[in-house]
Each structure stands twice: as structure tokens, then as C-alpha cells.
Amino acid sequence: MPEAQATPKTKPQSVFRVHIKADIHAVWREITKTDAPIMAFFNSRMVLGPGGLAPGSKLAMRTPSGKHTGVVGEILVCRPPTCLEHTFKFTNMDDPPCRVRYDLREAEGGTEFTLTILDAPEGSKTQKQMVQGGKLITATLKSVMETGKPSLGVRMIFLMMKLMGPMTPKRCRSEHWPVN
Amino acid sequence: MDLVFAALAHPVRRRILDLLLESPGSTIAGLTEHFKMSGVGVLKHVRVLERAGLIVAEKQGRERWLYFNVVPIQRVYDRWTNDYAKFWAGRLSDLKDRLENPPASKRGAQSA
Numbered sequence: 001m002p003e004a005q006a007t008p009k010t011k012p013q014s015v016f017r018v019h020i021k022a023d024i025h026a027v028w029r030e031i032t033k034t035d036a037p038i039m040a041f042f043n044s045r046m047v048l049g050p051g052g053l054a055p056g057s058k059l060a061m062r063t064p065s066g067k068h069t070g071v072v073g074e075i076l077v078c079r080p081p082t083c084l085e086h087t088f089k090f091t092n093m094d095d096p097p098c099r100v101r102y103d104l105r106e107a108e109g110g111t112e113f114t115l116t117i118l119d120a121p122e123g124s125k126t127q128k129q130m131v132q133g134g135k136l137i138t139a140t141l142k143s144v145m146e147t148g149k150p151s152l153g154v155r156m157i158f159l160m161m162k163l164m165g166p167m168t169p170k171r172c173r174s175e176h177w178p179v180n
Numbered sequence: 001m002d003l004v005f006a007a008l009a010h011p012v013r014r015r016i017l018d019l020l021l022e023s024p025g026s027t028i029a030g031l032t033e034h035f036k037m038s039g040v041g042v043l044k045h046v047r048v049l050e051r052a053g054l055i056v057a058e059k060q061g062r063e064r065w066l067y068f069n070v071v072p073i074q075r076v077y078d079r080w081t082n083d084y085a086k087f088w089a090g091r092l093s094d095l096k097d098r099l100e101n102p103p104a105s106k107r108g109a110q111s112a
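If you read the sequences in order, they're chains A and B.
The working numbering applies: residue 1 is where the first sequence begins, and numbers increase by one.
The working numbering applies: residue 1 is where the second sequence begins, and numbers increase by one.
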């Protein structure tokens, strides 16, 4: 049974919000799908442990090929289609995990989407990356839901990531980050 | 997008965004310390920024933690970056055509 409420309120570090002209269930599906890469999440494929989206279940964000894993975490809260919260750790950094929370709310004929970042170590690489990534994730989700594709700039980032693939550190190989 | 540009047009509101970038989660009281105006005055500016989506408030008891939501600016950037990219692609294509096929009739108009 998913938790009824988000974890106790600590002061968020960053909050990103956007209104999306799309049904809340469609937005929820987009950020939780496991059958195709999620363009808003830097074209990562979400892989879940045996528990699926239930709290306690592990998750990994892998490259479309599945060879590398950029992020791992554990589901903390899942209340479809309004709230998903999980721990978040970059596999190429030694920083401890932070938390991300996605809140969805029906608003003005669409969905108000809020991405909140919590507990990233102050001044860490993780914090910097999360703040950079948060705005791109939020803006890209809007683009994808409303136009079917990310902006040109984000598509260029995907291309760069693909080109940089061979230089990905060995520690990011998916065999080191199982979700079972 | 009109609301975003209107909100950014005022120096006090730009300063508020700077302060929130430096200290995410500030309160109205915290922001007011940086201005020679009342809390009500600062609140009015914050409301304008909230309507434009540039500030997101998280309620915590009687306090409101304020955050700079950079997404509307990212959207502005994306929109014009893409359009400029198309613009320059078009200009370069025109330049290639002109250099490879100089129209004799336009030579006299080059200084225009």
C-alpha cells in the first residue's frame, strides 16, 4: 500500500514548477513508464525492482541500451497520479543520495507539475547537477507532453550523451547497479 | 510569457530573484531585510513574480518558503534558441546561394 503522505516536510533546496496542457494520468504515465526511454529524464529508461513503484522498491535510470546506469534510488512515496518521491544518487559520484519528489495536480484544464529537490549535500556536485537538471527535466516534460519532442537544445544534449557513451566510467556499468 | 517579461521588467523583482537564487527558501521577512520598503511592498512584488510562475511558494505552518522557479526562463531560452537556430540556418543557406549565384541585378543594392 503506497504511503498516504509525502515524507515529513524538510526545507526543499530547489523547486521547479510548470503547467502542462495534458491530462494528469498521461503525465503520470510519462514519468513512470518502464517500456520506453523517458525523454524528460535525459532519455533514460526507468528500471524498477520486483516491487514496482511500491515504497521500498529500487529503481535505476539506465541508458536506452541498458549498458550504463546514471542514477539509482529507492521509492519512498507513490500515490498515483499525484505524488512520486524517491531517493536519487548519481552513480558516478560519491555523494550520498538526495531525494526528489514529483507532485502532480489537475489545474486549468491540464496538470501542474512540480519537481522538488531535497537533502542534496550543500555545495556538492550532486546539488549542482540536480539544480541544472531540474529545470531541464521540468521544461522538457512540458515540451514532450505538448509537442511530442524535447527542444532542439535538449535533443543536442541527447546527441552529446550518445557520443560520450564510450567515455562513461566503468563504475556506471549497469551490472554494478542491480535493482533486484 | 507576457507575465514573465512584465515581472522581469522591474529592478526590485529581479533583485528578489537574485536573493532567492542565493538563498532558496527565504521568507518574505527575510527578503524585506534587503530592501528599504515594507514587507507589504515586497509581498506585492513577490505576488507578481508568483503570477508569472517565477516564484514557487511552499507552505510550512505560518511561513511560506519562496523559491526561484527558473523553468519559465528556460522556456523563453528554448523558444528563442530554436528560432535563432532556424534563423541562422536560413541566413547561411541564403549566403551560400548568393555567393554561388550572384544576381547581377542586386549588385547595385549591396550598400543598402
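Where hints are given, some of them may not hold.
Label pairs and their in silico Cβ distance ranges [what the hints assert, rightly or not]:
#	chain 1	residue 1	chain 2	residue 2	range
1	B	Ile28	A	Glu108	23 to 33 Å
2	A	Thr82	B	Ile28	33 to 43 Å
3	A	Lys128	B	Gly30	15 to 25 Å
4	A	Arg105	B	Ile28	21 to 31 Å
5	B	Tyr77	A	Asp94	23 to 33 Å
Calculated cross-link-like contacts (lysine-lysine; reagent style DSS-like; alpha-carbon spacing at most 30 Å) [stated by the list, open to error]:
#	chain 1	residue 1	chain 2	residue 2
6	B	Lys59	A	Lys89
7	B	Lys44	A	Lys11
8	A	Lys170	A	Lys21
9	B	Lys44	A	Lys21
10	A	Lys11	A	Lys128
11	A	Lys128	B	Lys96
12	A	Lys11	B	Lys36
13	A	Lys170	A	Lys125
14	A	Lys11	B	Lys96
15	B	Lys36	A	Lys125
16	A	Lys21	A	Lys33
17	A	Lys89	A	Lys149
18	B	Lys36	A	Lys21
19	A	Lys33	A	Lys128
Quick caveat, the hints were computed from the structure, so don't treat them as lab data.
Backbone N, C-alpha and C define an ideal beta-carbon position, used for all residues, glycine too.
Hint check, failures only = Of the numbered hints given earlier, those the structure breaks are 2, 8, 11, 14, 15, 18, listed in rising order.
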